[in-house]
Amino acid sequence: MVPKRILIVSEASDLHSNAVAWALRQKGHDCESLFTPDFPTLLGISTRVGPGDPAGRFIMRGPGVVQEDRSAPFDTVWLRRPGGPVLPEDMHPGDRQVAARQCEIFLAGVAPFLDQGAGTFWVNPPASDVAAQQKACQLWSAARAGLKIPETLISNDPAEIRAFLREHGGSVAHKLLRPASWLVQDAEGGEHIYAAYTVPVTEDQLPDDDTLRLCPGIFQPYLPKQFEVRVACLGDHLVAIRINSQTDDRAATDWRAGQSYVGMEPYDLPPEIAAGCRRLLAEFDLAHMSVDFIVGPDGEHTFLEINPQGQFLFLETRTGLPLLDMFSEFLVAGRRDFTWREDHEIVRFSEFEACWKRSWRAEAARHAHLIRPLGAPDAAEDKS
Amino acid sequence: MKRNRILGRILAKELKPEELGLVSGSDTVVVAAARTTDSLAASAGDDPTGPPVSTLVATLPDYHEDQ
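Each protein sequence line maps, in turn, to chains A and B. First residue of the first sequence: -8, per our numbering; consecutive thereafter. First residue of the second sequence: 649, per our numbering; consecutive thereafter.
Don't take each hint at face value.
The following label-pair restraints were derived from C-beta to C-beta distances [unchecked claim]:
(1) B/662 x A/141: 21 to 29 Å
(2) A/336 x B/652: 25 to 33 Å
(3) B/658 x A/326: 42 to 50 Å
(4) A/356 x B/652: 37 to 45 Å
Calculated directly from the structure, the hints in this document are not laboratory data. Glycine included, every Cβ here is placed at the ideal spot set by N, Cα and C.
Can you make the complete structure from the sequences, with help from the hints?
Structural data, given as structure tokens:
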């Protein structure tokens, strides 16, 4: 076996990137991680081009970087949720804004140096990954791929939103285009976390129009469900899980809100739905994505959304299917026509977890971390 | 002063500590603040020396999308 050279672009606290890097090394491959929040405080990145070296060089120095000059192309680059640059809190505010913009623009431009046109396998191609995150485009493309989609309004227009609600009997499902959460402090100083899941909304719950128009959202008729399905697409290899979301009220509307309380099991995806998923991959020029479906009482599958870098390891935790091994083999194969075969020693997520629990603290200390504020704590008087 | 609250915030659901950290590797909201992370890890019954909630806990929403 010729060891593959694989780069994972992520952040230090991302469980998936750490697990896959571990698995790839277990399999004897050269895997390097580029944690973008380390840039610029801990990580130096240089790109250099000149008349005699038009292909240029890519050089990085920082924690965990084994080989500084990575000018030789990688076989595979996995863009696993790279985080934004992290700048010191004590920077002058005027400098901070300028530096942040410079960092973001620079990072966005390094992709060509990572493959240097040598046919590196991208999971996913950067432009495709960005385009595939647009919810309206997802629905449009899913319909083009032959999948059934729900009627959907994405809007900040109060008149459109109120009309849509009335059109659908006064109650529809609402979700944000991107998830959000808030940290709320109560009068006694206690902290509570709130998250915006998919929930039914009625017209009397809408804020006043001036507020409603401040934040667009997704509105869809509430569809009756028998169960839900998540599909992890690793090239042509699809892994489908049935989520029995209707067995517990906490998961009935949005299974993520009660995922611990409902069963999950391997699911045989109907061939026409599998074919639709593969067409959707092609439509977005993606190598990898996760897809969510609702299955109605009539057995019909309705497409909900995709996530081009969706979580997949919980599928192994909940069903025993070796997703960590499958995904690692996918990166090694470096092909979109990949299909996983059980012809080798399989690495297990549980093995990684055991190692990670012992080493995470030392590892984390070597890297910068994104601060993801949950929102300014509510003052007690704001809760009404 | 009372501030505007967007619809997502009005409809947000409180996450109980016991609902966090139960399914590693799943979709999650990452709880970023260290003080929250530590207190939640403890109250969720995690090994206090184990990975932080932000790492092992499954998610509130997919956190990369919060960036």
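Each hint, compared with the structure:
1. B/662 x A/141: 21 to 29 Å: Since the Cβ atoms of residue 662 of chain B and residue 141 of chain A sit about 27 Å apart, the hinted range of 21 to 29 Å holds.
2. A/336 x B/652: 25 to 33 Å: Between residue 336 of chain A and residue 652 of chain B, where Cβ atoms are some 57 Å apart, the hint is violated.
3. B/658 x A/326: 42 to 50 Å: Holds, since residue 658 of chain B and residue 326 of chain A (Cβ atoms, about 47 Å apart) stay within the stated range.
4. A/356 x B/652: 37 to 45 Å: Given about 40 Å between the Cβ atoms, the range holds.
Violation of the numbered hints given earlier is confined to hint 2; every other hint is satisfied by the structure.
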